[in-house]
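Engineer: As a plain string of letters, each chain reads:
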Amino acid sequence: MKKRTVLLAIVGTLMAASAMAKDVTLLNASYDPTRELYKDVNQAFAAQWKAQHGDTVTIQMSHGGSGKQARSVVDGLPADVVTLALAYDVDAVADHGLLAKDWQKRLPDNASPYTSTIVFLVRKGNPKGIKDWPDLLKPGVKVITPNPKTSGGARWNFLAAWGYALKQPGGNEVKARAFVRDLYRQVPVLDTGARGATNTFAQRGIGDVLLAWENEALLSQRELGKDGFQIVLPSISILAEPPVAIVDKNVDQHGTREVADAYLKFLYSPQGQELEAKHFYRPRSAEVARKYAAQFPRVNTFTIDELGGWRQAQAKFFADGAIFDQIGPGN
Amino acid sequence: MRRRVLPGFGISLGYAVSYLGLIVLLPLAALAWKASGIGGEGLLRLLSSPRTLAALKLSFGGALLAALINAFIGLLVAWALVRYRFPGRRLFDALIDLPFALPTAVAGIALTALYAPNGWLGRWLVPLGIQVAYAPLGVLLAMVFVGFPFVVRTLQPVLQSLDRDVEEAAESLGASRWQTFARVILPVLVPTLLTGFALALARAVGEYGSVIFIAGNIPMRSEIAPLLIVQKLEAFDYAGAAALGVVMLSFSFLLLILISLLQRWSNRWEERAA
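Residue numbers (the numbering used here), protein chains in the order written: chain A, 1 to 331; chain B, 332 to 605.
The set of hints was computed from the structure by calculation and includes no laboratory data. Even glycine gets a Cβ: it sits at the ideal position worked out from N, Cα and C. Keep in mind that a hint or two might mislead.
As the list claims (entries may be wrong) - Computed footprint of chain A on chain B; a stretch qualifies when at least three of its residues, placed anywhere within it, have a C-beta under 8 Å from a C-beta of chain A:
#1 420–427
#2 443–449
#3 560–566
Start from the sequences and build out the full structure, keeping to the hints where you can.
Structural biologist: In structure tokens:
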């Protein structure tokens, strides 16, 4: 009771302050690997907004696993915008009536200002000679990937492998199923999140290949030194599109729609795209992409829509008793 | 009713009951209410899944084993701390509480770093075929770690109040050392030992943070029940998650009742012996 009074007082003070000085606060609920990216984006956007409107925007961040963040927003985290790892998690927020169901059409490019893809991170010199997906099934090769049931990133990994097998000459669902089953038999540790898997691979020295977001792979290469690890691009991978959206119900309550909208549009601006490329996300803008061509070699990709979209993928692969459970032991 | 020396029975009982209701029973009721959404058939399916059973077996089996180990080692440690004076005893005594104070995730990461194939201990153990990190053994280790202080801390005061004269009397009456321990000292300690055991067990069953880092989390092998709950939450399956929570709670509750029955029985046995 007392805590609530204090909280109300703080909120009240903040609201009063914002009414006078036109200070605006936004809360962005994001997933884990975007920490560094949004630190830079927030600073740049705040400077631009101040220059254009004279108001001070403070953007607070909340980071966590993508699914957990979606649940927090559903349960009442007053986020003005969500910037998550996969559209399914934003769909879950939309299903609870917090934003319009057609949110993905309100911004360009499926509401994903930046993309990434799934790549292989291998140890220096690539001692196991990993070049493409089939090499992961070679005897003695250990693959590190988190559990798709607890990690958004891991779902992209699973779907990338599935899509590869499906798209081979003569590929079909039966073969794809056998391929992912054999792939997950090579996994000695199923971490609960993407960063945990990176640690297992990089710090604990477990496994020969880490399936990772390209942005995470590039980041760990920079953090841990180029000589420790190498990135291998498979012949085909999935185009990961991390979506962004305004949470209608929260911005209307806070009166922050205008600035939240500008914030998300900033992600598509040349300045925003540049920052995203700098933080290893593939920019949508062709111009910025050209500038960072050396960092992002061309890679063949397919999209989640070719696999039926997120809702279908979730039900088909990751729901209880669905394909991921069926290929695992104990079923 | 007999008049008590200190007044206030009504108010303190009322306070105790409403506090218990607010802090313990209300969240449990909410959990049960959420879980009821799964229905009888859903519960049956959940409980008959080999994966759920394997996870429950690992969580409860591991916790029981960890509590047993802790009861044994804890008794030794408490004995050494109470009965002997040695340099560094106070420091040693203070260190016992460390597993309480350490955030469990930190404990998990530290244990994993030690026992991973490239860790200080792991690099010697793994070539011998002893895999601790990313195996069920790691789960056990983490559970032993978090439950350790309970047995020591519950036993210490009882050991302190134990008169040495009794042992001396036993010896002068011709009891062997083993007889003195088994027939004289142990019976007094058993009820407290059981309390410590129960606390360590309960702590290990519910442990998530430290186990998750060292377990490897492979279904059917090193996947604990709390992780299954998190997986269900991650898929927005609130009812399934709550149902599994209720199943774990009922199991723990049964175990705790069993332990308290054992305690009563050993108390009575002791009284009769005296």
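Engineer: Under the constraints set out in the numbered hints, which ones does this structure not fulfil?
Structural biologist: Violated hint: only 1; rest satisfied.
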